[in-house]
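Turn these sequences into a full structure, and let the hints guide you.
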Amino acid sequence: MAALVLAVVLGLQGLVNGCGSTLILREGTMPNLATVAAQAEEAAQAEEAEPIQIQIQILFRLGDAAHLRSLAEHARVTFPLGVGRMLLGGLLCVAGFLALSGRRGSRTFLLQAVAANAVFVALDYALTPAVRASWIGMMAQASSLLPGGLTEQERASMTDPRLLWMAQRFRFVVFGLGPLALIALAITRAPARLWFQAMAAATRDDTEEP
Numbered sequence: 001m002a003a004l005v006l007a008v009v010l011g012l013q014g015l016v017n018g019c020g021s022t023l024i025l026r027e028g029t030m031p032n033l034a035t036v037a038a039q040a041e042e043a044a045q046a047e048e049a050e051p052i053q054i055q056i057q058i059l060f061r062l063g064d065a066a067h068l069r070s071l072a073e074h075a076r077v078t079f080p081l082g083v084g085r086m087l088l089g090g091l092l093c094v095a096g097f098l099a100l101s102g103r104r105g106s107r108t109f110l111l112q113a114v115a116a117n118a119v120f121v122a123l124d125y126a127l128t129p130a131v132r133a134s135w136i137g138m139m140a141q142a143s144s145l146l147p148g149g150l151t152e153q154e155r156a157s158m159t160d161p162r163l164l165w166m167a168q169r170f171r172f173v174v175f176g177l178g179p180l181a182l183i184a185l186a187i188t189r190a191p192a193r194l195w196f197q198a199m200a201a202a203t204r205d206d207t208e209e210p
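Read in order, the letters of the sequence shown are residues 1 to 210 in the working numbering.
Derived from the structure by calculation, the hints contain no laboratory data.
Virtual Cβ for every residue (Gly too), placed ideally from N, Cα, C.
A couple of the hints might just be wrong.
What follows is a set of in silico ranges between Cβ atoms, one per label pair, in the way DEER data are often shown [claimed, not checked]:
1) Asn17 x Arg76: 31 to 39 angstroms
2) Thr108 x Pro129: 32 to 40 angstroms
3) Leu163 x Ala186: 31 to 39 angstroms
Here is the structure:
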């Protein structure tokens, strides 16, 4: 089932992201935005990219660097959240694998893992408004690091705080809670329940064979 594969993928993503953020925060080495912008522009020019592509690549690199710096600024909150993301991502991944194998009780376990991750996503969002504000502030200031050829109005529009706040809310709903809601909906439908029952029965028959 696609929903079970999605659960495994989301679990792995949470595990990797949580592990990566905790390791970076422990090391304490944060990127310099000006250096990141210069390196991104040099790499894009080496690829002979179009001007708009160069600007977009630099903007995305700056976004990643600003995100890391905002996490570091609020490490007392973001470090334990990173550990939690890693643990719950691992839980969701294991639950997804067990569900794919059709183990008895795996559907209930997966639902519990999905619910735990949904609660964590909401908690993460509720506890990190300062992190988002810091990131958006850095992005607004980073508009001056974009390459030439842009007017001041164009630079400001690419890092408009209002658009960035809307993007954060969109990301929370669509990419944070959305996939978990789809998984929960898929595995609670009648066809999914019948599939889990059939898989559990087949597994039980295999274990009972002499």
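Evaluated hints:
| no. | hint | in the structure |
| --- | --- | --- |
| 1 | Asn17 x Arg76: 31 to 39 angstroms | violated (19 angstroms) |
| 2 | Thr108 x Pro129: 32 to 40 angstroms | holds (34 angstroms) |
| 3 | Leu163 x Ala186: 31 to 39 angstroms | holds (32 angstroms) |
In this structure, only the earlier hint numbered 1 is contradicted, and the remaining ones agree with it.
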